[in-house]
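J.: Assemble the whole structure, with the sequences as input and the hints as a guide.
Once you know that position 179 of the sequence shown is 181 in the working numbering, the rest is easy, because the numbers rise by one and skip nothing.
The hints are simulated quantities; they were obtained by calculation from the structure and are not laboratory data. The reader is advised that the hints may include incorrect statements.
To be verified - Below, in silico cross-link-like pairs of lysine-lysine (DSS-like), each with a Cα-Cα straight-line distance of 30 Å or less:
| # | residue 1 | residue 2 |
| --- | --- | --- |
| 1 | Lys71 | Lys158 |
| 2 | Lys270 | Lys158 |
| 3 | Lys305 | Lys223 |
| 4 | Lys185 | Lys270 |
| 5 | Lys305 | Lys185 |
| 6 | Lys270 | Lys68 |
| 7 | Lys233 | Lys222 |
| 8 | Lys68 | Lys185 |
| 9 | Lys305 | Lys71 |
| 10 | Lys146 | Lys298 |
| 11 | Lys305 | Lys68 |
| 12 | Lys185 | Lys71 |
| 13 | Lys223 | Lys298 |
| 14 | Lys224 | Lys146 |
| 15 | Lys223 | Lys146 |
| 16 | Lys68 | Lys146 |
| 17 | Lys185 | Lys233 |
| 18 | Lys270 | Lys71 |
| 19 | Lys146 | Lys158 |
| 20 | Lys233 | Lys146 |
| 21 | Lys224 | Lys270 |
| 22 | Lys68 | Lys298 |
| 23 | Lys270 | Lys146 |
| 24 | Lys298 | Lys158 |
| 25 | Lys146 | Lys71 |
| 26 | Lys233 | Lys223 |
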Amino acid sequence: MFSLTKMVEVPNSTSPDLWQEGGESNSERFPSVLGAIPIIYYSSLLCLGLPVNILNVIVLSHLAIKTQKSSYCYLLSLAASDILTQFFIIFIGFILETAIFHQKIPATMMHTISILEFAANHASIWITVVMTIDRYYAVCLPLKYRMVSYPERTHKIIGLVFMMSLITGIPFYWWSDVWQVSKPPTILDQVLIWMHCFMIYFIPCTIFLIVNSMIIYQLKKKKALASRSGKTTAILLSITTVFAILWAPRTVVIIYYLYVSSISKSCKDHLMLDLANMLAMLSTAINFFLYCFVSKRFRTTVKEVIPSFCKH
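T.: Below you can see the structure in the form of structure tokens.
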């Protein structure tokens with residue numbers, strides 16, 4: 003699955019062990035060096051992240067309808083993709099499969115779920131990418147922005163991102179349990195790992211760095227424009243910066259495995275991976291707090307929404 007610590011190697015279709023519980027043939031299981039800490043962490047993250055993301059969806063829905071701004075539509079879809087990520091990766095992947103079922107489910111089912119995990123992850127990241135490009139047009143090309151950015155077009159772009167995320171998740175059906183199997187990475191493993199790293203980190207972060215730099219440069223040139231676009235841009239910069247920081251360790255650890263750790267598989271390597279996964283998943287639960295910290299309009303809407311729900 004999405005976590006390298008609990009994925010299973012795809013058995014050969016001619017093998018009689020195809021439906022062996024958890025797909026455990028030819029693999030060696032390694033317990034987490036952190037014991038029960040990851041399960042406690044992911045359970046707490048889910049209990050915190052799911053409610054705040056649902057609140058995110060409600061608040062951003064109000065703002066999107068009220069303002070008709072594409073930026074709120076993108077933030078709304080980002081919150082929705084974070085909910086999907088928390089459900090498929092944290093709840094089903096880390097909690098159900100690891101803590102409850104202990105991977106004792108058919109391998110085919112696990113790999114099918116893996117597609118949904120990667121698809122949710124891709125959607126969360128690439129929604130942020132298209133929002134970054136949208137902000138570039140809003141700040142640097144305002145006249146053209148009025149022609150290319152409107153609700154119908156924004157909805158089509160969001161729908162296309164989700165569809166492409168599902169399509170790009172399909173190859174990861176064959177994502178192997180690189181930390182659990184005893185064999186070294188195959189050519190397919192190497193292709194999928196590099197594909198994963200480029201899709202979820204290197205390409206998005208390159209876009210973030212280049213486009214955000216141009217946005218900041220333009221805002222410094224035109225201070226009046228900065229006063230109008232500052233809050234939305236600040237939200238974007240905070241989201242992309244936090245993502246780049248929290249996902250960097252996981253990306254480094256995956257590449258480290260590919261060329262170094264697959265030989266030793268020491269406890270230190272598993273510790274690094276556990277911590278890297280925990281940091282990466284933290285990014286699904288903190289956007290609400292970033293919005294509250296940066297945007298007064300968002301905080302005001304939260305104060306309006308919460309009492310209305312308490313009355314019901």
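J.: Hint by hint, note whether the structure agrees.
T.: Right, here's what the structure says about each hint:
For the hint linking Lys71 to Lys158, the alpha-carbon distance of about 15 Å falls within 30 Å, and the restraint holds. A distance of roughly 45 Å separates the Cα atoms of Lys270 and Lys158; the hinted pair therefore is violated under the 30 Å criterion. Of the supplied pair hints, the one linking Lys305 and Lys223 is violated, its CA atoms being roughly 35 Å apart against a limit of 30 Å. The suggested pairing of Lys185 with Lys270 holds, with an alpha-carbon distance near 19 Å, which does not exceed 30 Å.
A distance of roughly 55 Å separates the Cα atoms of Lys305 and Lys185; the hinted pair therefore is violated under the 30 Å criterion. Between Lys270 and Lys68 the CA atoms are separated by roughly 51 Å; this puts the pair beyond 30 Å, and the hint is violated. With a C-alpha separation of about 14 Å, the suggested pair Lys233 and Lys222 falls inside the 30 Å cut-off, and the hint holds. For the proposed pair Lys68 and Lys185, the alpha carbon gap of about 56 Å is over 30 Å, so the pair is violated.
The suggested pairing of Lys305 with Lys71 holds, with an alpha-carbon distance near 21 Å, which does not exceed 30 Å. Our distance criterion of 30 Å between C-alpha atoms is met by Lys146 and Lys298, whose separation comes to about 28 Å. In summary, the hint linking Lys305 to Lys68 is supported, as the alpha carbons are separated by about 16 Å, within the 30 Å threshold. A threshold of 30 Å between alpha carbons decides the hint, and for Lys185 with Lys71 the separation of about 51 Å lies outside it, so the pair is violated.
In summary, the hint linking Lys223 to Lys298 is supported, as the alpha carbons are separated by about 25 Å, within the 30 Å threshold. For the suggested pair Lys224 and Lys146, the alpha carbons sit about 17 Å apart, so the restraint of at most 30 Å is met. At most 30 Å may separate the alpha-carbon atoms for a hinted pair to count; Lys223 and Lys146 meet this at roughly 19 Å. For the suggested pair Lys68 and Lys146, the alpha carbons sit about 23 Å apart, so the restraint of at most 30 Å is met.
The suggested pairing of Lys185 with Lys233 is violated, with an alpha-carbon distance near 50 Å, which exceeds 30 Å. Using a Cα cut-off of 30 Å, the hinted pair Lys270 and Lys71 is violated, with the two alpha carbons roughly 47 Å apart. Annotation: proposed proximity of Lys146 to Lys158 holds, straight-line Cα distance about 18 Å (limit 30 Å). Under the criterion of a C-alpha separation no larger than 30 Å, the hint pairing Lys233 with Lys146 is consistent with the structure, at around 21 Å.
With a C-alpha separation of about 50 Å, the suggested pairing of Lys224 with Lys270 is violated against the 30 Å cut-off. Simply put, Lys68 and Lys298 have alpha-carbon atoms about 15 Å apart, close enough for the 30 Å limit, and the pair holds. For the hint linking Lys270 to Lys146, the alpha-carbon distance of about 52 Å lies beyond 30 Å, and the restraint is violated. Annotation: proposed proximity of Lys298 to Lys158 holds, straight-line Cα distance about 29 Å (limit 30 Å).
A C-alpha spacing of about 15 Å is found between Lys146 and Lys71, which places the hinted pair at or below 30 Å, so the restraint holds. Distance restraint check for Lys233 and Lys223: the Cα-Cα separation of roughly 17 Å lies within the 30 Å cut-off, and the hinted pair is therefore satisfied.
The structure does not agree with the numbered hints 2, 3, 5, 6, 8, 12, 17, 18, 21, 23 stated previously, though it agrees with the rest.
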